[in-house]
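Engineer: Place chain B on chain A using the hints.
So you can see what is in the structure, the chains are spelled out below.
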Amino acid sequence: MTETDKLPSGRDRIQSLEMRGITKRFPGVLASDHVNFDVKSGEVHALLGENGAGKSTLMKILYGLYHPDEGEILINGKPVRISSPNDSINLGIGMIHQHFMLVQTMTVAENVALGLPSSRGVLTDLDRVSKRIIELANLYGLKIDPSAYIWQLSVGQQQRVEIIKALYRGAALLILDEPTAVLTPQEVDELFVIMNQMVRDGHGLVFISHKLHEVVEISQRISVLRDGRMIGTRLTSETTKQDLANWMVGREVGFTPDRGLVECGGPRLEIKNISCGSDRGTPGLRGVSLDVCSGEILGIAGVSGNGQRELAETITGLRKTTGGHVILEGADITGFDPAAITDRMLSYIPEERMRDGMIKDFTVAENMILREHEKMPYSRYGFLNLREISQHADALIKKFHVKTPSRETHAKNLSGGNIQKIVLAREIFRTPRVIIAAQPTRGLDIGATEYVRDQLLEQRKQGVAIMLISEDLDEILALSDRIAVIYEGQVMDIVPRAEATPAKLGLLMAGVHPEAA
Amino acid sequence: MISDLFTTTVLIGILASGIRLSTPYLFAAIGETFGQKSGVLNLGVEGQMLLGAFASFYVALTTGNLWLGLLTAMFVGALMGLAMAYVTVNLHAEQGISGIGFYLFGLGMSDLLFQKLMGTVETVKGFPEIYIPGLSDIPGIGKIFFSQNILVYLAYLLVPLAWFVLNKTTLGLKIRSVGENPDAADSLGVNVARIRYFTIILGGTLSGVAGASMSIALLNVFQQNMTSGLGFIAVALVYFGAWSPIGVLGGALLFSFINSLQLWMQVLSIPIPSDIAVMMPYVVTILVLVATVSKVRAPSALSKPFERGD
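Residue numbers (our numbering), protein chains in the order written: chain A, 200 to 716; chain B, 179 to 488.
Honestly, the hints are just simulated from the structure, not real lab data.
A portion of the hints provided could be inaccurate.
[Claimed, not checked] Okay, derived cross-link-like pairs now, DMTMM-like style, lysine to aspartate or glutamate, Cα gap no bigger than 20 angstroms in a straight line:
no., chain 1, residue 1, chain 2, residue 2
1, B, K346, A, D211
2, A, K559, B, E300
3, B, K482, A, E389
4, A, K440, A, D211
5, A, K471, A, D536
6, A, K277, A, D211
7, A, K611, B, E485
8, A, K559, B, E485
9, A, K342, A, E389
10, B, K346, A, E565
Quick caveat: nothing in here was measured; it's all calculated off a predicted structure.
The shape of chain A in the complex, shown without the other chains:
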C-alpha cells in the first residue's frame, strides 16, 4: 500500500464500489429493478432521476437502511454485506441526507460523537472529539466551531457538520442526497469547491440532484434512473442537459415555460411596512413593503427561514402582525381572520402541502372542497351536498389530470405531484383575485413541476396577482416578472426580471448589496 492510497483523514481509499443487479420490492412497487451502479475513487458520479425513480432507495440500500431483495455490493472487487448503517460506516461509506440528520439541541461535537465509542469508556470525550473535528476541518477547508449548537448554524454550516460527521467516521465514499436543494448559489459554489477537493484527495462521491446544470458542472459521470430501472450511464463530457432531461422523464421536455407578455394592471395586493414575530420569538418580518399587480408574478427569493413563511402567513391571516397593513384590492384586511380573507378571493398554496395544504386522511373529494365547503352548492344550511361534491371532484380530477384511483381515495395515498394538483385545483378553480404560492414545486418531479408552473402562468394570463415564494432560484427566474429578495425579515431589493442574474440574487440572498460587494 503506497502513501497515495491513503486519504487525508488517514483512511484507505475505496478504489471502486459496485452495486450489481440490485432489486428491491415494496408492496405493489418495484422500487429498484436489477440496477447496476458503480463509483470510483476520485470521481463524482451523479445520480439523476425524478421523484420515485428509485434514487433514494438505491442509496438507502448502499447505506444499509434498506435490504435489497436481490443483488450484491462489491468494494474493491470483493463482495460485502451491508445490513445496517453501522456496517456501511465501518466499510467507509458516508451519507449526507437531504434532511440533515442532526440533533438541533446538541452541539456540533455531540452530534459528531453520537454513536461512536468514547476513548473514556462510558464517559463522553467531547474535548478530544472537538480537537479531531478542528483537525479534519483544517484538512478539508471546512470552517466549523465544535462547541456551537446546531440550531445556531446556517443551513450551509449544518451541511458542513454532516460532511465532518462522515469524514470523522472515516468515510472514503460519500453519498450526497440533494445537497444543493437548500443552499444559496454562493453556498453551492462553496460546496462544489469542497467536493472538488475531496475528489482530488481520492474520495469517491455520489451526487444526487435533479438540477441538471449542477450535475453537468460537478460530475464526471452521470447515471439516470427512471421507474426503478437504470436508463444508462454516460460521461458528463458526452451529454447535454436536454438529453438528460428527456431520459429522466422519458419524453421531450420543454425547458423554459413560455411566459408571454401580459399587461400589468393596478396593484391588487399591497403590503405596507409589515412586521411580525416568528415561532422562535425573534422578529420574523421587519417592515416589509411589497405590492403585486394584476397579471404579475412577484417572485420572493431567499434562503429558507428568512421570513418567507411569516410573509405568507401574515397575508393569509394565519399569523398576527405587530405593525403595518395588508391591503387587498384597496381594502385594509390587516387582522382579518383567514376565513374573511379567503372570502375576498385570496387563494393560498401553502409551503407544507401535507401539513397545511390538505388533510391526509380525508378523501380527494373532501380535500377539494376544504376551502369552500360552507358555500353553495357544496353545502346548504350546514348539510353537505354529497352529490354536488362528488361531481365537483370528478370534474376537477379530470380538468387537472389528478392521477387517483377514485375521488374516495385518501389523499395520503397519492404522490406529491398529485397532492399538489389537488391543492392547485382547489385554489384555482374558485377564480381567485390573488394567489400566494409558497414553494409550489418543492419536491415535485419534472413533469409535475412543469404542470404547476404552467398553471400559475395561465392564472397570470387571466390577470390574477401572484406572489411566488420559492427557494428555487431557477423557478423564480423562470416565472417572475419582478423579484423581491428577502433576508432576515427584510426586503433587500426588488429587481425586474430583465436585470436579475443568479449571481446578483445570490448576493442579495446572503444579505449583501451587490454595489457594496
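Structural biologist: Frame of chain A; chain B shown alone:
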C-alpha cells in the same frame, strides 16, 4: 390555630416529612425522565407503582425480608416496563393510550392480588430510620435530613446520578439523541429500539421502587389504589422539571412540602376544610405548570413511535 404552624417543632416536622414524602415522586419521576428523554411518554407509572407497592409489601409480609420485597418490586416494575416497551417500540402503539391501559392493568391487578392473597389490610415493619452518629443529633437539621430511611437517601443519590448519566456519558448522549431526532441517531448506528427498551424498563424498575417506598418505607401498609394519582403527578413533575433531574427534584420538593404542610394542618385541626387542604398540592402544581409552560421545550420526538424510512 394557624399560629400553631409556626412553632419550631412543627416546622421541623413539616420539613422532615416533606423530604420523606418526596421519595416516591423522585423515583418515579426520574424514571419517567429517562423515558421521556428518549422520546417515550409512559402514562402507566401509576400502575407500575401499585404493582410494585403490592409486590414488595406481600413479599416483605410473607418472608419478613424488606430487601427481597424491594427486589421483587423492581422486578415487577421492570416486567411492566418490558411489556410497555414491546407495545410502544415494536408495535408502534399510541403511547398515551397504552400507558393508560397499563395504569388500569396495574390498578386492577394489584387490587385483585390483594383480595386473593391477603383480603384484609395488614401492616409490616418497614425500612427504619437510620441513625447516623453525630449528624442525626444536630438540632433541627439532624431531624430533617439525617433521620430518614434508606430509600430516602437512595432517592436523593439518584438525582445527581441521573443527571450525570444523561449529560456526561455516551449512553446519555444516545438517550437524548433518540428523543430529539431518532432518524439522526439511527443513521449513526444508534439502536433506537434498544435505547428505548432500556429507558422504559429502567423507568418501570424505578416506578416499582417508588411503589415499594410507599408500602414498605413510608406508610407500611398496602391498600387498594394507595398511590391515588401520585404516579400521574410524577409524570407532571417531569414537565415541571423541564426534563432535568435537578428540575424534577425541585418540583418533587415543592410538591411534597405543600403536601406535608396540608397534612400537618389537618393534624393540628386548623379550621380549613380537609378537601381544600388535600387539593392544595394539585392546585399549586397546575399553577406552576401554567407559569413555566412556555419556557421549556419537550424532546422533539416525545411520544412519536420510530419507524425507519419512508
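Engineer: Which hint numbers does the structure go against, in order from smallest to largest?
Structural biologist: 1, 2, 3, 4, 10
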